[in-house]
Every structure is written in C-alpha cells, then in structure tokens.
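Novice: Following the hints, complete the assembly by docking chain B onto the known chain A.
One letter stands for each residue in the lines below.
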Amino acid sequence: MKRVVVVGVGNAYRRDDAAGLAVVRRLREAVLPGTVVVEAEADPMLILEHCAGAEAAVIIDAVSSGGQPGTVYRLDAGGSPLPERLFGATSTHALSVGEVVELARTLGTLPPRVTVFGIEGRAFEAGEGLSPEVADAVEQVVAAVSAEAAMAAGPA
Amino acid sequence: MSPDRRTRTIKVDALARVEGEGAMLIRIAGGRVSEVQLRIYEPPRFFEAFLRGRGYTEAVDITSRICGICPIAYQMSAANAMEDACGVRVDGALHDLRRIIYCGEWIESHALHVYLLHAPDFLGYESAVQLARDHAAIVQRGLQLKKAGNGLMALLGGREVHPINVRVGGFYRVPTTSELRAAAEPLKWARDAALETVRWVSRFSFPDFEQDYEMVALRHPSEYPITEGRLVSTRGLDIAVREFADHVIEEHVPHSNALHAAIRGRGTYLVGPMARYALNFDRLSPLAREAAREAGLGPVCRNPFQSIVVRAVELVYACDEALRLIERYERPDRPALEVPPRAATGHGCTEAPRGILYHRYTIDASGTILDAKIVPPTSQNQKAIEEDLARFVQDRLDLPTDAMTWQCEQAIRNYDPCISCATHFLRLEVEQV
Numbered sequence: 584m585k586r587v588v589v590v591g592v593g594n595a596y597r598r599d600d601a602a603g604l605a606v607v608r609r610l611r612e613a614v615l616p617g618t619v620v621v622e623a624e625a626d627p628m629l630i631l632e633h634c635a636g637a638e639a640a641v642i643i644d645a646v647s648s649g650g651q652p653g654t655v656y657r658l659d660a661g662g663s664p665l666p667e668r669l670f671g672a673t674s675t676h677a678l679s680v681g682e683v684v685e686l687a688r689t690l691g692t693l694p695p696r697v698t699v700f701g702i703e704g705r706a707f708e709a710g711e712g713l714s715p716e717v718a719d720a721v722e723q724v725v726a727a728v729s730a731e732a733a734m735a736a737g738p739a
Numbered sequence: 162m163s164p165d166r167r168t169r170t171i172k173v174d175a176l177a178r179v180e181g182e183g184a185m186l187i188r189i190a191g192g193r194v195s196e197v198q199l200r201i202y203e204p205p206r207f208f209e210a211f212l213r214g215r216g217y218t219e220a221v222d223i224t225s226r227i228c229g230i231c232p233i234a235y236q237m238s239a240a241n242a243m244e245d246a247c248g249v250r251v252d253g254a255l256h257d258l259r260r261i262i263y264c265g266e267w268i269e270s271h272a273l274h275v276y277l278l279h280a281p282d283f284l285g286y287e288s289a290v291q292l293a294r295d296h297a298a299i300v301q302r303g304l305q306l307k308k309a310g311n312g313l314m315a316l317l318g319g320r321e322v323h324p325i326n327v328r329v330g331g332f333y334r335v336p337t338t339s340e341l342r343a344a345a346e347p348l349k350w351a352r353d354a355a356l357e358t359v360r361w362v363s364r365f366s367f368p369d370f371e372q373d374y375e376m377v378a379l380r381h382p383s384e385y386p387i388t389e390g391r392l393v394s395t396r397g398l399d400i401a402v403r404e405f406a407d408h409v410i411e412e413h414v415p416h417s418n419a420l421h422a423a424i425r426g427r428g429t430y431l432v433g434p435m436a437r438y439a440l441n442f443d444r445l446s447p448l449a450r451e452a453a454r455e456a457g458l459g460p461v462c463r464n465p466f467q468s469i470v471v472r473a474v475e476l477v478y479a480c481d482e483a484l485r486l487i488e489r490y491e492r493p494d495r496p497a498l499e500v501p502p503r504a505a506t507g508h509g510c511t512e513a514p515r516g517i518l519y520h521r522y523t524i525d526a527s528g529t530i531l532d533a534k535i536v537p538p539t540s541q542n543q544k545a546i547e548e549d550l551a552r553f554v555q556d557r558l559d560l561p562t563d564a565m566t567w568q569c570e571q572a573i574r575n576y577d578p579c580i581s582c583a584t585h586f587l588r589l590e591v592e593q594v
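Protein chains in written order, with the numbering used here: chain A, 584 to 739; chain B, 162 to 594.
In short, the hints are calculated from the structure, not lab data.
In this text the structure is predicted, and so the values were computed from the model without any measurement.
For each residue, glycine too, the CB sits at the ideal point set by N, CA and C.
Hints are supplied without guarantee of correctness; some may be wrong.
[Said to hold, decoys possible] Which residues of chain A face chain B? A few of them, derived with a C-beta cut under 10 angstroms, are:
| # | residue |
| --- | --- |
| 1 | E622 |
| 2 | A623 |
| 3 | M628 |
| 4 | T689 |
| 5 | P715 |
| 6 | E716 |
| 7 | A736 |
Isolated chain B, as found in the complex:
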C-alpha cells in the first residue's frame, strides 16, 4: 500500500441517488479507519413540534408530508398510534385495504430504488439516465412497475403522492368491489415483471461482504409484516410496539443533529427489507419464497449489497399479496370505525419500505396532541451504515480515493436511505489530509 493511502480522509459533498442530500466523512490514519461520520442535519423535530396542539385526526395528513416516497407509511403509523391511544382496532376489510395501499407504496418505492437508484451501481452507470440510454426496455419495465404501485395508492388514497383518503379509523371512502377488482389486471402484469426483476438483479455481481447485524422487524402471527405485529430481532428481542422506547435508546452524536437509535445494552441494529426478510421468510407467499430460492437467496441475507435482490423479492410479495387481498375483498358497510378520543398515549409501528417507522402520541380527552415522537427507519440505520462503511473501507484501503468514494456511495445506497425522512440536506464529503 502506498504511504499516502495509509493516511487520508474521504469526504463526499453530494450523495447522488439518495432521497435528499447527504454528507459522509471517513478518516484513515496509519492504515486504519479511525473515524466514520454519516451526517444527518435535521431529524423530523419540526413535525413533532408542529403536531403539538393539533387535533388527533390531523397527524395522519401532517406526517404524510415528511416523505414524498413513503407517505402511506407515515399515515399508517400515525393512524395506528391514534387508534391504540383511543382503544380501537381496525380489522377485516378495512385492515385489508390498508395492506393493499401499503403494498402499493412498497411497489412504488422498491421499483424506484431497484431500477433507478440502485441498479446503475451494479451495471457501472452513473445515473438512471445513462442506464436508460443502453437499456431503455428495462428502465421502462421499472417505471411501469412503479406506476402499478402508484395506481394502487391513487385508487385507495385519492391521490398518489399525498394520499388524502386515509384517516384514523379507516378511510373517507372505500372502493366498490368492482372498482378494486379492476386494479387486478395491472397488478398481474406487475407480478410477472417483479419476477423478471428478481431474475435480473440476482445476476448482478456482489462484493463479498457480510455483516453480523442484529436485525429488527415486525412479526405477525400470520402475515408478512406490513401494518402491525410485535417487534422482534435476530438476537431474541420480542416486545410489543408500546415497549419500543424501553428497548431502543436515541443518542445524540457530535457530528450530526440527528439522534442515532441503538438497542439498549447492545447497540447497532438494522431495519428494512433484509431484516423483514430474515425474520419473516416463513411468512412470504409461496411464489415470493420460490423467487428467492431461484435467485440463490437463503432464508437470511447478511450482505447489504444483495438487499437489491431482497427488495425485488418483496416486490413479488407485494404484488402477490395485493392480488390475494383484492380477490377476497367485499366492500365493508362503513368506510371507517368511530374513534372517539380519550386521554392516553398511543404507539404505532409499521414497516415502511425502508424499515420500521415508530410513532408515539399523547393526547388529551378532547383529542388535542400534547406530545409527538417519530423515529424514521433511516435514523435507526445510521449506525449500521457507519459500521458497514468502516469495515468496507478497512478491507479496501488499496483503492484510489475516487474508486473508494464511489464504492462507499454504493454502500450507502444499499440502505435506500430516505434522507428526507431524517433530514432535508445530507452531503457526502471526501477530503484528503
């Protein structure tokens, strides 16, 4: 190794292809990685403050504005938390509709990441535009898949970006049986396209890199987790959602305004598709499991670069599951349950495309929000991303800075970090010392 590579700082100013903007700084001294900082400038504290004093029914709409890619996740975590506070449980056809619209969001978000943000890394392109120049048909397939997801969100949510039809207790309006059945045809196409997607991405070549993460996801008695479940981990965590704050601590770190989440007494953990998959492989549909097997994926995947394959498997699952639920749908008598307020604290946690999204609200007897707490998946993955980078770089100290920077950016994109969940502007910086 040349001496100048034994001591240097890698710093990148603008992280391409992540939601928002990011900052990353890695210091190497004497042939060892001495420091890794992923800088997050702004957690959703504005929204937590903004929610105080608002009505308990408003959180669903307000928090959906935090992220343009996963508004449903915010709506569902907020609705769950408010229903928990008020002691109401939404089930039956309304629960199914929530799963269907959430499947739409998974399809939309995963298709965007797999095709336009992550695949270019594996195929040696700098951007989706370059990828499209050589592989227009593939990019069209990805866009069409995304559109299928957006279609479900628009059908059930009233609009595709900031759905307005979701409310505490259910929906403002529910589709007729025939309206919903009509959504099946594009989804059947999407399911086939998702199977093609799994085959396509499974042929990419992946760096030899595995991490022994503690993975955390929801687990439900019968469903692959989306809208509810207990919180479980690969190291034995098994708690109710309301115990989240007893087991997860949030630490202030000097290089970032954001709070970094850690499991009390153990530290770093991982949320997202790889965690869901590892903890719920047995809950996938037979078709999704078969697709995973064909792709050479075992029941647990610890290589974050292969998360693209896991996302593709979840694309298959989301299409398959939405079709199953559409098939059995009978329009419920009422679009929403009555949810009268009471003085209480409620907790909600759902599986956003990027991992668990936790909301907690305290409301008074009239339903006014007294306190709000939001923990997005990206802030929970901060430490895991930093640890990935430290090890990844340590094993590749021979690389020239530009190649290393590029690979570090890829390592960050493995997480599909929705930076705007946690912040607006994140910059990745690489500097020489």
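Looking at chain A on its own, in the form it has when it is part of the complex:
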C-alpha cells in the first residue's frame, strides 16, 4: 500500500480559517488505511516535513479569493504551481500553502501526486465556528478526500 499524507491547515480561532482543520479532524474519526492525517495549525511549513517521502499528498486549506463562500476548489499541484489568486501571498501564515508547495517542488521533496482542496471562507475574524456554507463544504471535502486517499493508497 502506498503512503498517503493528508494535511489540514488553518487556525482554529479564526472562524472559517479552520475549514482545513475541520476536514482532517473528521477524517481522523474515519481511520483511512495507509493514510497519515496531520493537523498543521497555522504552520503550513509542516507540509514539507510530513509529505517528504510520501507517494501522495492531499492538502486542505481555507481560501479568501472573493468567491462564493463555501465554494470548493480542487487543484492538482503535482505538475504545476497553485494559482496565486487562491494560495498566494495573502496568507495568515509566514509562508502560504502555495509557497510551501513550490518550495517542496524546488527542493525535489514534493510527492508525485499532490491534490489541494481550497474552501472559500466568508469570515476570518477572531472567533470560533464555521459559517454554515463552509460547514457544508467541509462535509463535501471530507467525502472527496476519503475517496481520493483510498484511490491513492491503492488496494490493501
């Protein structure tokens, strides 16, 4: 079975910024075979450490691109950079997910398959709780990531 790493990024006290964390917390309950689930709260740099040596990675983060809140973006980052508009310089972190992925690519440590899910947030102020449309999107992404991880891990 191949090793798959699923990383959720976000800040639990920044409302919809927690969307990525919410997804991986749900996935922890599910126990996916062959899959390591990681919470990278506010430090996307951990993507580098946890994805090194993995055969596939799935990364989930909230985005703020002005789109409809709750919109789910699915991007394949294995072959090309993530769009700046979604994962660019505007980050709640020192380096954005887009920059960390490019750093891993440059250093040759990016897994061959990388899928990034972005969930468009509505509210990013200090506080707890997801907006309703973001909470719905989290459910969609949990299902999608489970399927993605199972496919990437291959037969047991």
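Specialist: Relative to chain A, chain B alone:
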C-alpha cells in the same frame, strides 16, 4: 532630487514574508517624511475576552492558539502568570524542561526567519522559493535546523504546533532520561549548523543604519533570559515583571486598532533578539559569544538589519543550552507541581522569539479567570518599527518608489513581526500623491 520625489506617499498592500498581512503607509512632503503608519488591525482582544470565565488551567492551551510560530511562548507566559497568582514556583528539572522546549521554539522560529523570510532580502531574492532554486543545500540546512527545533517541541510538548503537554505547574508527562538523551544527537548537528549559519549571515552586506533604541529584555541572575527574570533596559529600567503596567503604557493610535506600547515618560522601546543580546551578552554560553565575536558583532548591536546575525547567534545559544540541560537531566518524581487556585492577580513574562510577551490574569478563589491582559512583542515594537522607517526613508529620499518600498519592507522584516500575534491581516500600502 527630482521634485516628484519630494512629495509622495508610499503605500504597500501586502507585506510578504511576515506572519500575517501588513499595512504600511509613509507620506513624504516637501522632502521630509511627514508621516509613518504601521497599521495593525486586530490586537489579541478576542482572546482576552474569550478567557474571561474560563478556568485558570485553560489559559495555557487557549493562548497557545494565538500564534502558530510561538505557541510555547504563550503557554509559558500564561503558566508563569497563573503560578505567580497561586504563589507556586516551578524550579529544578521542570524548569529545565521548560527551558528546553522553549529553546526548541527559538530554534524553530529563528531558523524559519533567518533562512526563509529574511535571508532572501540580503541575497536579492523575492522569496524563499527563488533562494532555494539557486541555493538548495543552504535552504535544506535551514529546514533541517527548523526541524530540530520542532523535534524538541514535539518530544516535550506532545505535538509540534500546538503542544498539549504543557500545563500550569509543569507538564502532563515528562520524558524518561533516555528519551530526552536521544534528542541530543540531532541537536549536536543543529549546533554545528547554527555556527555555519552565523558565518553565512555575517558575510551579508548591511545598510549603514543604527538607532539609539531603549532596549528592554528580561535579565536573570545566571541564565540567558528565556522563561523568567527582571525587566531591564539599556536606560536603567530594572523592575519586577509585576510592575510592567506601572512603567509601560499602551496608547491607542488613530491609524490602528492596536495599542502601541511605550515606556512611561520616555516613549519608544525595542524588544527582541537585539535587546536580549545587548542586555545579556555576558549570559550567553562561551560558544555563542565566540560565534558572535567571529561574526564581528560587538556586545551591543544597534543596526536592526544585523538582527539576522543576532538571531543566528541565538540559534547557537539555544542548541548549546538545550544540550547542556539535556546532559544534566534526571527525570523528576512528579511531572507537575500542585497549583491550587486562590483569589489573586498574577503576572508572567517570558522571552518569545520576537521579544518579551507579558500576560496578566486575575482569578477568583475557585480559579475562574476574571480578567486577562496580553501584550505581545510585536505590538511593543510598533513604534520602533515606525521610527526606523521614518529615519530610513528620510536618508533615502532619492530612491525610486519601488526600490524604496522594497527596502522599507526589508526594514519591517528586520523585526520578524509576528503579525498574527497582534493581528490577522496587516497590509503594507504604497501610494503616490
């Protein structure tokens, strides 16, 4: 100087490579800098409000969420404040373990800033990704150093980002002697890598720029300050942590929601690696002092652009100190002291990677938090950053706007501003008038 450069406004929308997002506005009128604003939108007021009504043992975990880069600093300042309120002092092996995990955070945070956020400025790269294209081995060294710090945080904290093993009174679980000794090998590598780091950054070229700051840091009778000490300054301040609010005032400024800290009667002050270093050079380990000397650094550094060298020296110190403490570690009988609550106000201050982080809590007899106050290092450095920028720009009015903007961003990154400590979104704006 061309006339259009004598009157203009510099405004930058997105400050790259700072924690969070920032806003900076500089107005130049008639060949003089007339206004500098660093805009901070959101101080940690949410957390102060959120803490009221919670139990005194919860502050350690809740405040660690304020910053993804320095959770240990928040945990330790909160724990110190609660222990102060309850009249308990943590010492011996538990104190050593706190210093070790805090060294891990310094290593992690300084390695990130030195290699990925600050070095690109000096080498002419726009980002760490570009730096990595030409200097992959150097960036790998920085990442490996960061990992060594994360490793200590994970070993003692249970997790690397939001450690869950730290509590009021000590830890939930302490490592066995052999578990902790096993952490020494990667740290020995890290110490060598940190020495290489000092040599590497000391060869960068630095703008000729010094400021006569009042620097403020903790000072301890025997240790380079991390988890405790008195608050001292280069202009004679020497007070107990509990006197912080008597000497530091927080002012509302019109351009920002954040409070700007100032020393009563004197004004701007500087916290962080340069302040710690200047006030505690004699407390560094011999190896760290030697590294500083080799790098050409005197016992006081007033050029904020050289803070990268000071951070590198602190990387050496943090590795060296963690190794020293690991060497003498004997597992304590209990992972934590009993800390029964009592009605009181407690104060805690520790040296976060970016400078002193002050917490104050008032709790009732059952331990319920009645009031919370948090003053992060970045909000204390606001005025110093603004003053740096005003002088820096005044001396460089000939620069075209894009070059000036770039250099201003560098001047801000000198402080490793952890904007998410003070705010979530900070934007740096540059506009022409």
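Novice: Taking the hints in turn, state whether each one holds.
Specialist: To see whether the hints hold, each was checked on the structure:
1. E622: 7 angstroms, holds
2. A623: 6 angstroms, holds
3. M628: 7 angstroms, holds
4. T689: This interface hint holds because 4 angstroms falls under the 10 angstroms limit.
5. P715: 21 angstroms, violated
6. E716: Interface hint status for A:E716: violated (21 angstroms vs cutoff 10 angstroms).
7. A736: Given a least distance of 24 angstroms, the restraint on A:A736 is violated.
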